[in-house]
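Let's have the full structure, built from the sequences with the hints guiding it.
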Amino acid sequence: YLFNHVIFTDEKFIVSSQQPPTHQPGELRRVDLVVERMNSTATTVGTLLFLEAKRASASFSKIAEVEYQAFTATCAYHVETGLEYIWAMTCVGSAARLWIFSSKSEFLIPFVPSGRSLGLLEKSKYLEISTHGREILDGLEYIK
Numbered sequence: 009y010l011f012n013h014v015i016f017t018d019e020k021f022i023v024s025s026q027q028p029p030t031h032q033p034g035e036l037r038r039v040d041l042v043v044e045r046m047n048s049t050a051t052t053v054g055t056l057l058f059l060e061a062k063r064a065s066a067s068f069s070k071i072a073e074v075e076y077q078a079f080t081a082t083c084a085y086h087v088e089t090g091l092e093y094i095w096a097m098t099c100v101g102s103a104a105r106l107w108i109f110s111s112k113s114e115f116l117i118p119f120v121p122s123g124r125s126l127g128l129l130e131k132s133k134y135l136e137i138s139t140h141g142r143e144i145l146d147g148l149e150y151i152k
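Residue numbers (our numbering): 9 to 152.
Note that these hints are calculated values from the structure, not bench results.
Keeping only pairs whose Cα atoms sit at most 30 Å apart, straight-line, the calculated DSBU-like set for lysine-lysine is: (1) Lys112 - Lys62; (2) Lys131 - Lys112; (3) Lys70 - Lys112; (4) Lys62 - Lys152; (5) Lys112 - Lys152; (6) Lys70 - Lys133.
If you anchor each label on the Cβ, the simulated ranges turn out as follows: (7) Arg45 - Glu114: 23 to 31 Å; (8) Val14 - Gly34: 30 to 38 Å; (9) Ser48 - Phe68: 41 to 49 Å; (10) Gly34 - Leu145: 33 to 41 Å; (11) Glu114 - Thr89: 17 to 25 Å; (12) Arg45 - Phe68: 33 to 41 Å; (13) Val87 - Thr52: 17 to 25 Å.
Positions of the beta carbon are idealized from the N, C-alpha and C atoms, including for glycine.
In structure tokens:
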């Protein structure tokens, strides 16, 4: 609801669940949520953001899995398109992080919350939407 009715409301955005990370025929891998953007002539669609999520009770291994899933989705899209930077979001329950994939990095780079520490696999680095919703929304607005 939040993505379709609050953030990505413009007609140029397509928000879809359970979509492949690439546009290759026969791709079996699925991403929880994909936000795509059409160009001005509505002839080309490019992925803007990949979102992967786990339950609030996620264990350390599930947090590792969700971050790995986001990373591999962005890697696959990078291989297909050659884009150097791709956005990702991971959620654990109602807490979220925004990430940047860079073709020059071996892992996702934190965008929201930002900071010197990567905080990979750290549930404490995830921002609760009920208390940090503005920060997360600002990050998503920037990505648009």
